[in-house]
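Novice: Single-letter residue listing:
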Amino acid sequence: MKELFRGGCHPPEKKDATADSPLRPAKAPPFVAVSFSQHIGKPSSPLVKIGERVLRGQKIAESQGFVSAPAHASVSGVAKGVVQLRHPLGFLVDALKIENDGKDEWHPDAVIEHDLDQLAAGDIRKLVQEAGIVGMGGATFPTHVKLSPPKDKSIDVLVLNGAECEPYLTADDRLMIEHPREILRGAALFAKAVGASRIVAGIENNKPGARQAMLEAARELGCGVEIFPLPVKYPQGAEKQLIYSILGRTVPSGGLPMDVGVLVHNMASLYAGYDACRFGHPLTERVVTVTGPGMGNPANLWVRIGTMASHLLEECGFDAGATKKLVVGGPMMGMPMRDLEWATSKGGNGILALTDPVAYEHGPCIRCGRCIEACPLGLLPCALSNYGEAGLLAESIEANALDCIECGCCSYVCPSKRPIVQWVRMEKAEINRLRQLAAAKK
Amino acid sequence: MSAEEKILFNVNNSPHVRDGDSTARIMFTVALLLVPALVWALFIFGWRAIVPIVSSVAACLLTESVCCRWRDRPNSIGDGSALVTGLLLAAVSPANLPWWAAAVGGVFAIGIGKQAFGGLGHNVWNPALLARAFMQVSMPNLMMSGEWPHLGGASWIGNLFYDLGGNFTEVNERVKSLAGAVTTVSRSFANDGGVDVLTGATVLARMKAAEAVDAAGQIIPALNPDWMEIIHAWMGGEGGSLGEVSALMLVLGGYFLIERKIISWDIPVFFLGTVAVLGLVLPHPYRLGEVYAYTGWFQGPWLLHLGSGGLMLGAFFMATDMVTTPLTVKGRRIFAVGCGCMTILIRLFAGYPEGVCYAILFMNTCVPFIDTLTKPKVFGKK
Amino acid sequence: MTALVAMAALGALLALALAVASRRFAVETNPLMDRILAVLPGANCGGCGFPGCAGYAEAVAVKGADPTLCAPGGIKVGMAIARIMGVEVGETRARPVSLCHCQREKVKTVAIYSGIQTCRGASLFGLGGGWLDCRYGCLGYGDCLKACPFRAISFGPDRRPLVDENKCTGCKKCVVACPRSLMAVGPIDRYVHVLCHNRDKGAMANKICAHACISCRRCEKVCPAQSISVPNNLAEIDYSKCVGCGKCVEVCPHQVLIDLRRARIPKREWPAEAASSIPGETLTEGRSDQY
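Protein sequence lines correspond, in order, to chains R, F and H. Last residue of the first sequence: 442 (the working numbering), numbering continuous. Last residue of the second sequence: 382 (the working numbering), numbering continuous. Last residue of the third sequence: 291 (the working numbering), numbering continuous.
Bound-form chain R, shown alone (with noise of 0.2 Å):
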């Protein structure tokens, strides 16, 4: 086995309460609110009148621009109106509402099938745009722009992104073990895309079921999907560290994975490539893992995009007395919201509620280094925090705090409890929006 990427941290995994929970389908939401601004880039513009009728897969947005994806209707219903949503960063985002009839009708334009074999790259890739398909493992970085990667840079090598290294989060995993044909089909329409000779699945060792049925269906389908067994460590699921510990390959500093030749994508997106290609269903579901000491009955379920977190939670015995915390996402990198007035949307991969106090006190660096030995990525976050904490821009950049990843290792270990990663955000925002308004005045 390559060599470990260096540094990571091991918080307990905690996914026994989902790991063997079988996919299902939420409950019908009596309605959803389909965000316009679910992907990075701009906004989509909406397509759609208050009072019409919209269909399931019906496409109630359009993206704007090339770094855009559109919207789809994530149930039939009637479209009752425009309603602003706060996004976790703490914005407000407009969203579509739209009333569940029941229904479930499928708009005609949004289930025609294709032959896969008969499809050649351009069409994969125009059908992932209009699928709206966004990076699905939390990043929301529109796929079809990752699917055409510049002429300069060739890709020889997809990677399958089956790590899921938070704790908590098991819903790659459940996709792996209920649906791993599909996945390896859409990898290998993925591959075809870019032109990638060859497909590497990494996936963490804590996940035996999935690697053995993706094994099996690699074999079945003989696809020439290789299967890499990853050692559990957070964040091996972090681009440059999954490439790294499979390939061997650094991807530099400001770099992509593309400058490398590699492209990675996670499993969610796969799945839903080979859906919106195979049978033109745009995206409108996707697996979410609910769980947490704060919830009764975790669960791994089909959430329809849009739908309300009040109505989701309400399904899963959420015990809003004894949770502390509710997060969007993993613990090490999730947003915590502060209340259940938000929409799922297409990047969310988990629920999770926390019941541990979760204020701390933080004391001195004690230069004890165990951040330093934690970070993935070299850096010295102790001094990051010191330049942080008091204000030092110029240092800060010096001590390269543009690399971060901002995969929280370092806040982890800390035994003094130092915000470190947040103060490291806050100097990357400060020097961001400086460089913006430099930018401006020239």
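Just so you know, not all the hints are guaranteed correct.
Said to hold, decoys possible - Each computed DSBU-like pair below joins lysine-lysine, with the alpha-carbon atoms no more than 30 Å apart:
1. R:Lys15 x R:Lys49
2. R:Lys42 x H:Lys76
3. F:Lys377 x F:Lys261
4. F:Lys377 x R:Lys428
5. F:Lys377 x R:Lys97
6. R:Lys417 x R:Lys27
7. R:Lys49 x R:Lys97
8. F:Lys377 x R:Lys15
9. R:Lys153 x F:Lys377
10. R:Lys417 x F:Lys381
11. R:Lys428 x F:Lys381
12. H:Lys76 x H:Lys63
13. H:Lys108 x R:Lys324
14. F:Lys261 x R:Lys153
15. H:Lys207 x H:Lys247
16. R:Lys428 x H:Lys146
17. H:Lys76 x H:Lys146
Unchecked claim - Ranges of calculated distance between the beta carbons of each label pair, as one might list FRET restraints:
18. H:Glu250 x R:Gly296: 48 to 58 Å
19. H:Pro157 x F:Arg69: 27 to 37 Å
20. F:Arg69 x H:Asn166: 30 to 40 Å
21. R:His10 x F:Pro36: 52 to 62 Å
22. F:Tyr294 x R:Thr250: 13 to 23 Å
23. F:Pro74 x H:Gly55: 52 to 62 Å
24. R:Thr250 x F:Pro36: 17 to 27 Å
25. R:Ser154 x F:Lys381: 56 to 66 Å
26. R:Pro229 x H:Asn233: 53 to 63 Å
27. H:Phe25 x R:Ile431: 37 to 47 Å
28. H:Gly55 x R:Gly81: 53 to 63 Å
29. R:Ser154 x H:Lys63: 47 to 57 Å
Calculated directly from the structure, the hints in this document are not laboratory data. Just so it is clear, CB atoms sit at the ideal spot from N, CA and C, and this is done for glycine as well.
Got chain R sorted already, so can you dock chains F and H onto it with the hints?
Specialist: Structure of chains F and H alone, referenced to chain R:
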């Protein structure tokens, strides 16, 4: 929506889970693992040895509280670092140190050695060692009292030796005669005239002086200890500070520190290893009449080196202090090797018999330099 | 004896060397710059736009910068520098002071934020507000307080900043420190202000805060000088037209507009220099659409 009261969630930034360790747990565990060594010292030296321990801990805690109040900060004695400094300072003090001297040391250690630099995490030098150096310079007679262990209290050591086939009293007598410098014999009325306390030069002082007279009146180098003498030194038969007599207990404490992942094995192993290797390899000077002679190569008493002085204390508890040591593993190894070299250098060639304290202080000064040299490589950068 | 002689000789030799060096290697300084530096207050606040007082002195002496840019120095320093440079000063205006444009009162806490306890930390995280529902309002951790070099800001009611106008010099360090651009510097004789930055639609703003601007436009209609407009859900006063009559203040249903002469804010003693002036253009209204 409903009439139920609004539940408030916490919206702090990620990560939302933390490792269970904390600064307080680290410090209190270190303090706990230091206690067996101090208890052993109490056993060896008698109950009077509690005085410098209590006095230095109290002085450290008090100084920390006062300084925090003065600096308008919340009181930080809860993080346990002042307690550890107090215990370490006691461990490097002799058993008969007066309470006021230990208190002065404690005030210096925390007030100047720690708070003047900005509190925990900002000091350059190990506060306990800084205070010891201060006391050594300003109160040398009190620090060099070199009290010998109470023979009566250590009788079970004697029985152990007997069981092992040796004779504690005989070895003790031999050692004393080699020392040739038994300066005080005080008698205690409670012990009906038996010897209560002996003071004399420690093994390191003897190695320095290196001159001895054997039974036949011949001058011999005092550097060929046999097994009995070595165990004698390790088990606290020799005099010294409270920490010096408990080499065995300190090794145990150090082992558990490593096992609980509070310190990593690098520093103790590299430090002790360097001392052992150099202590074995280098020629040791000794005085023959009026001139200095040197033993040959590969003849050094390395086991004696390891068991004497504050080496075990220094290797496991002082040189592993996180604040004053380099940040990276590579840096810490360089630091430990440097400490080992300096210790041997001072023990062999410098004016002091005991080298660990100054060796560590010297390497503490080099730490920022070592840190700059050993920065880790950033992923993806040339 | 030899020691004494040797030391004396050494001392004399070194003294001679120092004297020669101080002549030979003397640094040429601009005498004007030195005189200007002597009259500057030495706060090094940067409010003039130059790096510290030495930077400003150099700029005036060498590059001919405006001699009246020093806000902490005020009228006295402005006149003094002008006298040194031998120039006339132009027309005078009221001295600048800072003001926080948020009046949130009894706004409910919507979340617990215990991360980095600074306004900048809470505004970037904690869902763009920390404990506060309003995305534009004052967070109350006191970044402006900490930034003020003159200690002119203290915590007022509800932990909103209260500026002591006797100490405020208009250096604008608080303007830079506030992550929501709520602090703004204006002339001390400007009495009517819009103390809100909320740009949410009226209905939403109404739910969030009792003093939020709900863009009802009554102020716009009643203004005799047409100086108020309500672009983007927030009232704005064009001070080149405002006459300070205060009619808008009377009609505002949420008391968003206030007249500092009769404000609820504790009455201030106008200092004697309020009537006197600092010459030159140093004033900017700090409002921005960045939040």
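Novice: Going back to the hint list, which numbers does this structure go against?
Specialist: Result: hints 1, 2, 5, 6, 8, 14, 21, 22, 23, 24, 25 break, sorted rising.
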